[in-house]
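The listed protein sequences derive, respectively, from chains A and B.
Following the working numbering, the numbering of the first sequence begins with 1 at its first residue and continues without gaps.
Following the working numbering, the numbering of the second sequence begins with 1 at its first residue and continues without gaps.
Among the hints, a few may not be true.
Here are the computed distance ranges between Cβ atoms for each label pair [to be verified]:
hint, chain 1, residue 1, chain 2, residue 2, range
1, B, 38, A, 16, 27 to 33 Å
2, B, 9, A, 138, 23 to 29 Å
3, B, 48, A, 114, 51 to 57 Å
Rather than coming from a laboratory, the hints here were simulated on the basis of the structure.
Source: prediction; values computed, not measured.
Each residue gets a CB set at the ideal place from its N, CA and C atoms; glycine is no exception.
These are the residues of each chain, in order.
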Amino acid sequence: MRNEPDNSDLVKHFCVQLEPDLRAFLFGILRDIHEVEDAFQRTVLKAIEGSANVNPETLRGWLFKIALNEARSAKRSQSLARRKTEDWKTQFGKASIVEDGLSLDWILSKEEQESIEAAVKRLPTNQREVIERRIEKGQKFADIATEMNRPIGTILTWMRRALNSLREMQEIRNLDPAYDSGRSGNDFPDNE
Amino acid sequence: MSEQKHDFRAALADDPNWASFLYLTDELSAEESDLFENQLAERQDLQAALIETTRQLACLSSAKTAQPLADRSLNVSINRTVEKTSPLKAIAVVVSLAACVAIAVLVSSDHFASDPIGNSQSFASTTQAAFQPSDSAQTESELDVMLAWVNISNSDVFEEDDTVDSNLDLSVPDWMMTAVLLEAEEMGQAGDPAFRSLPPAKNSDSI
Numbered sequence: 001m002r003n004e005p006d007n008s009d010l011v012k013h014f015c016v017q018l019e020p021d022l023r024a025f026l027f028g029i030l031r032d033i034h035e036v037e038d039a040f041q042r043t044v045l046k047a048i049e050g051s052a053n054v055n056p057e058t059l060r061g062w063l064f065k066i067a068l069n070e071a072r073s074a075k076r077s078q079s080l081a082r083r084k085t086e087d088w089k090t091q092f093g094k095a096s097i098v099e100d101g102l103s104l105d106w107i108l109s110k111e112e113q114e115s116i117e118a119a120v121k122r123l124p125t126n127q128r129e130v131i132e133r134r135i136e137k138g139q140k141f142a143d144i145a146t147e148m149n150r151p152i153g154t155i156l157t158w159m160r161r162a163l164n165s166l167r168e169m170q171e172i173r174n175l176d177p178a179y180d181s182g183r184s185g186n187d188f189p190d191n192e
Numbered sequence: 001m002s003e004q005k006h007d008f009r010a011a012l013a014d015d016p017n018w019a020s021f022l023y024l025t026d027e028l029s030a031e032e033s034d035l036f037e038n039q040l041a042e043r044q045d046l047q048a049a050l051i052e053t054t055r056q057l058a059c060l061s062s063a064k065t066a067q068p069l070a071d072r073s074l075n076v077s078i079n080r081t082v083e084k085t086s087p088l089k090a091i092a093v094v095v096s097l098a099a100c101v102a103i104a105v106l107v108s109s110d111h112f113a114s115d116p117i118g119n120s121q122s123f124a125s126t127t128q129a130a131f132q133p134s135d136s137a138q139t140e141s142e143l144d145v146m147l148a149w150v151n152i153s154n155s156d157v158f159e160e161d162d163t164v165d166s167n168l169d170l171s172v173p174d175w176m177m178t179a180v181l182l183e184a185e186e187m188g189q190a191g192d193p194a195f196r197s198l199p200p201a202k203n204s205d206s207i
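Next comes chain A alone, as it looks inside the complex (with noise of 0.2 Å):
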């Protein structure tokens, strides 16, 4: 007996259920919100095209490389004038501008947006910093090292704790949606 009824149903739900994190996964690859939905819409396609012969244990790994197929078709013929002239922090800028009524909940709500701003201001004044420097002002990381006068690789440091301070508040919110309040301004001191 065929299982593709079955499985297809399987495919439109694990879809359904994974569409923000295929949408962030595609525009992390692709940086545009058209081209994300163009994407996405032939993932889903394929995935239901090709839904009788999945493994329903592999089937999220297997949604995923479908997809990095599409982005990186569709990366080959973007036009090069655009990729030259909008640069990382243009595009990820965009993506907080709605166009045509696309969504972009995929990417977090205001809450959590919200969240993420007054992390920032509980990172250490150093990991701001490079933060502000790098994201806001797109300032290149050789650049940040002689105007912080630091070596680049301490800039470097910096960065990446930042992040993954920021990810670990994150975490912690997600736990206790109550931590965001009283919480000073050194909960992850800079070791320099």
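Place chain B on chain A using the hints.
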């Protein structure tokens, strides 16, 4: 640059979140990007790291957490200046300011206890003498405020009306003049030049 390449290779093995960040912020060469994407197909931990770092970067890119760097550099330079300043000097400045304010308060309370009205000028001069602003614009502005307050409060004090009614009628009634003259005659002062200029006494019947 070589430091970053070494960092990426190590991160790809040990720190997928950092490797994802380098990939997303275009820190990698074309070869390294291809290597990263090839690994994405096989590693679920790298897929999860890319998803999480993409979200993190999108939020940070739109977050309003930055203080303008110009302001921060100014604050940094000010903080560094403050750090270089001797703490003893800072304490001395604070103490002197506090003493000046205390003296001003004491003087003002004494003056208004003994002489609540008037002498505003002497109060002001006393206050000014007692409260010598040394080098602080803040103490000078406090003095101005106090003087202004004094002037305002004094404007409510009742001022004696020194005006004279120039229309006051000073003419003496005839009966009074007659009485004065009769009295003068009785006292033998009729020849007094002071009484010569007076009009002659009228008949007492007119009284």
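These are the hints, each one checked on the structure:
1. 38(B) x 16(A): 27 to 33 Å: 28 Å, holds
2. 9(B) x 138(A): 23 to 29 Å: 25 Å, holds
3. 48(B) x 114(A): 51 to 57 Å: 24 Å, violated
Hint 3 from the list above is the single one not met by this structure.
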